[in-house]
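So the protein sequences, as listed, match chains E and H. For the first sequence, the positions run 22 to 411 when this note's numbering is used. For the second sequence, the positions run 22 to 411 when this note's numbering is used.
One thing to keep in mind: the hints can contain errors.
Same chains, same label: a pair holds when it works inside one copy or across any pair of copies.
[Unchecked claim] Below, simulated SDA-like cross-link-like pairs (lysine to any residue); rule was C-alpha separation at most 25 angstroms, straight line: (1) K309 x E66; (2) K282 x R63; (3) K214 x R145; (4) K214 x E226.
Treat the hints as calculated values from the structure; they're not laboratory data.
Number of protein chains: 2
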Amino acid sequence: MDTNKTLSRRGFVGSLAAAIGYLGLGPKSVLWAQTGRRPRRRYTEAEYDAFAKLSSNENPYGPSDAVLEAMNHAFKYANRYGYPDGNILQAIAEHHGVEPENVLLGAGSGEILNIVGSTFLRVRKKVVGVEPSYGSVYRQASGIKADAIKLPLLSDYRQDIPAIIDGTKKNYRDVGFVYMCNPNNPTGVIVTKKEIDTLLDGIPEDMPVLVDEAYHHFVEDPDYATAVPHVLEGRQVIVARTFSKISGMAAIRLGYAIAPKNLIDQMRPNGTGSISAIAKWGGATAIKDTAEQEKVRAVTLELRKKTTAELEKLGFDCIPSETNFFMVHLGRQVQPVIDEFRKRTVLVGRPFPPMLEHLRVSVGTADEMERFMVAFKEIFPDGKPAPTGA
Amino acid sequence: MDTNKTLSRRGFVGSLAAAIGYLGLGPKSVLWAQTGRRPRRRYTEAEYDAFAKLSSNENPYGPSDAVLEAMNHAFKYANRYGYPDGNILQAIAEHHGVEPENVLLGAGSGEILNIVGSTFLRVRKKVVGVEPSYGSVYRQASGIKADAIKLPLLSDYRQDIPAIIDGTKKNYRDVGFVYMCNPNNPTGVIVTKKEIDTLLDGIPEDMPVLVDEAYHHFVEDPDYATAVPHVLEGRQVIVARTFSKISGMAAIRLGYAIAPKNLIDQMRPNGTGSISAIAKWGGATAIKDTAEQEKVRAVTLELRKKTTAELEKLGFDCIPSETNFFMVHLGRQVQPVIDEFRKRTVLVGRPFPPMLEHLRVSVGTADEMERFMVAFKEIFPDGKPAPTGA
Numbered sequence: 022m023d024t025n026k027t028l029s030r031r032g033f034v035g036s037l038a039a040a041i042g043y044l045g046l047g048p049k050s051v052l053w054a055q056t057g058r059r060p061r062r063r064y065t066e067a068e069y070d071a072f073a074k075l076s077s078n079e080n081p082y083g084p085s086d087a088v089l090e091a092m093n094h095a096f097k098y099a100n101r102y103g104y105p106d107g108n109i110l111q112a113i114a115e116h117h118g119v120e121p122e123n124v125l126l127g128a129g130s131g132e133i134l135n136i137v138g139s140t141f142l143r144v145r146k147k148v149v150g151v152e153p154s155y156g157s158v159y160r161q162a163s164g165i166k167a168d169a170i171k172l173p174l175l176s177d178y179r180q181d182i183p184a185i186i187d188g189t190k191k192n193y194r195d196v197g198f199v200y201m202c203n204p205n206n207p208t209g210v211i212v213t214k215k216e217i218d219t220l221l222d223g224i225p226e227d228m229p230v231l232v233d234e235a236y237h238h239f240v241e242d243p244d245y246a247t248a249v250p251h252v253l254e255g256r257q258v259i260v261a262r263t264f265s266k267i268s269g270m271a272a273i274r275l276g277y278a279i280a281p282k283n284l285i286d287q288m289r290p291n292g293t294g295s296i297s298a299i300a301k302w303g304g305a306t307a308i309k310d311t312a313e314q315e316k317v318r319a320v321t322l323e324l325r326k327k328t329t330a331e332l333e334k335l336g337f338d339c340i341p342s343e344t345n346f347f348m349v350h351l352g353r354q355v356q357p358v359i360d361e362f363r364k365r366t367v368l369v370g371r372p373f374p375p376m377l378e379h380l381r382v383s384v385g386t387a388d389e390m391e392r393f394m395v396a397f398k399e400i401f402p403d404g405k406p407a408p409t410g411a
Numbered sequence: 022m023d024t025n026k027t028l029s030r031r032g033f034v035g036s037l038a039a040a041i042g043y044l045g046l047g048p049k050s051v052l053w054a055q056t057g058r059r060p061r062r063r064y065t066e067a068e069y070d071a072f073a074k075l076s077s078n079e080n081p082y083g084p085s086d087a088v089l090e091a092m093n094h095a096f097k098y099a100n101r102y103g104y105p106d107g108n109i110l111q112a113i114a115e116h117h118g119v120e121p122e123n124v125l126l127g128a129g130s131g132e133i134l135n136i137v138g139s140t141f142l143r144v145r146k147k148v149v150g151v152e153p154s155y156g157s158v159y160r161q162a163s164g165i166k167a168d169a170i171k172l173p174l175l176s177d178y179r180q181d182i183p184a185i186i187d188g189t190k191k192n193y194r195d196v197g198f199v200y201m202c203n204p205n206n207p208t209g210v211i212v213t214k215k216e217i218d219t220l221l222d223g224i225p226e227d228m229p230v231l232v233d234e235a236y237h238h239f240v241e242d243p244d245y246a247t248a249v250p251h252v253l254e255g256r257q258v259i260v261a262r263t264f265s266k267i268s269g270m271a272a273i274r275l276g277y278a279i280a281p282k283n284l285i286d287q288m289r290p291n292g293t294g295s296i297s298a299i300a301k302w303g304g305a306t307a308i309k310d311t312a313e314q315e316k317v318r319a320v321t322l323e324l325r326k327k328t329t330a331e332l333e334k335l336g337f338d339c340i341p342s343e344t345n346f347f348m349v350h351l352g353r354q355v356q357p358v359i360d361e362f363r364k365r366t367v368l369v370g371r372p373f374p375p376m377l378e379h380l381r382v383s384v385g386t387a388d389e390m391e392r393f394m395v396a397f398k399e400i401f402p403d404g405k406p407a408p409t410g411a
């Protein structure tokens, strides 16, 4: 994907807005950047737009033209309930070679993760997984007064499969499900196909395993594989996928679970079943838009490799990533560095305890990565400091 | 609202689609009309579009131009998480004179109803309300293995407040909350302000009362009032509102609860917190678009009165409605009549047990109401049959 393509897409959205004479909403310039649960700092639109946004593992290119067209078409049904929905369930089922009964839609894979928590942590009270990982599952567990058995990563940042098996078996009566983000967020490290096999062979067969494959499309390592075939085998595996990353639809809120019918049936009552027409039509187009996916993947991996090579050259170790983000070891506490980046209008990832000397950087556009490198060199003018032992 | 206005609005959406060369998605003409939980009959887009849609209490005019513009603007943030969101929470709070901490967003008021169920039926297991009413709360109760104490309507279709008080007090230890749809769906009948006062005075003060005001904007009766002031008084009242009806945003999925902070705090962990940027921007504009609301209200009430007057003239009693739908007494079983309407490409409401001789008709456009009356006269060529005693 070249920059012109990106500009033309932005131009596309912009020109729609222009065509209808959009002039901004309300007299106030202060808008509330809010994502549901936790109010964030308020930015005006102009402030927000001016940031290099490398903090949330977003796809900086947004939906493809075809997806924008499909979403615009869906406005036709804005006021309806039982409207033709672009055949989204069938499209997902066909894509994975499963039946519609094996698919559950969610408002982002975030809702899928919540549904799994609500379903399997109400009776049995613990989820087993590594730390750091995508924290949503653990936060919800705590919200519904369940608990998490959080296991440390190995020294090479891989997930400790024998420890997960052991933790699951030793607490079997209390464990609702096993959580595995693959590739893992925030490290970008995969669990191999062989390790997943080992996990499934090592735990009781009726233990649900939630495999969060939000970053699936960015993986190159041939030892990785999706866990969907385990669903087809009838294993108690739930694969979570999202349109937020490879398809650039984070704010549209669409994700789904692929799982055996018995698990989907248990999960369904805990979902809202409330997906917007815009998301359905967009998703039905996006899942077939493999050319766009390949473009996003190629430019993202190229920019990630370029940036990590530059950081390594400056003496900063990067954890080898298989995703659209990476972690760099700073050799000092990350929070003050995050603040320095923000002063330079570059948003980078938050601290991920206990990895408090690592900075997570999402891969943005070429321009954003350049701004990141300029800021990085300003913040670390002398290269990497000696380890503090902190 | 005149027809030109409506046509121009449709034209607006259509011209956007035309401007971007939209040609339809996928080679298949069969699309799946699916609304989350229960797959409905599949219609092609052409089939669906051809129906007079008087079955789901939809606003046939769709979002206003201003709301469409705001939603289109939100595509700019399609790929983001912590984006400026049009200040939706603040807009709702200001509209009702409450604090943002008193507001919880949901993917439609449907999600709000689900959240209330998940929050208050997990420990105490029963919801108290009338039947027929909007069934979502009762269905969810059954889905999460809770139960409902469903009380019959009075002979004039009003809700039986003394029975609700009695049912709540007699089962106090087991009751999670009281549900009240006001005006009620499917009857269109209100609960008066005085009756709500009586209810709140009659039940224990810590009993949550969910007042579903989905059809609030259509009420004319001066004895009706919103329950929001009871929230301000600190009563354990949860008011549910939606953008689906008066604002024509059903498929966009946006609703909210207004409640005391202690209830919102309990409810929040049971929500997805996952609302699309499109919904947020659209809602922030819609709630201020009072001119549009007044137009929708005026044309809807006019067409409802015209249609019910015609039916009464033919000898069919209509329940006096305060909403954008009404019930007509057929004097015979409703299901075969529904089927007859469908043959004539008019979709009307499903049966609402135990009112199986009543047909619920949503108020559509002038054209749709004309098609309804033509079909009605074909199905009932001799006027109202004598009561069968069924």
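Problem set entry | Same-copy or cross-copy closeness of K282 to R63 [CA-CA at most 25 angstroms] | between (43 angstroms within a copy, 22 angstroms between copies)
For this session: Classify it for me, K214 with R145: is the Cα-Cα distance of at most 25 angstroms met within a copy, between copies, both or neither?
Result: neither (28 angstroms within a copy, 44 angstroms between copies)
For this session: Evaluate K309 and E66 at a C-alpha cut-off of 25 angstroms and name the case that applies: within, between, both or neither.
Result: Answer is between: at 20 angstroms across copies they meet the 25 angstroms cutoff, but 32 angstroms inside does not.
Exercise. Is the C-alpha distance from K214 to E226 at most 25 angstroms within one copy, between copies, in both cases, or in neither?
Worked result: within (18 angstroms within a copy, 57 angstroms between copies)
The structure does not agree with numbered hint 3 stated previously, though it agrees with all others.
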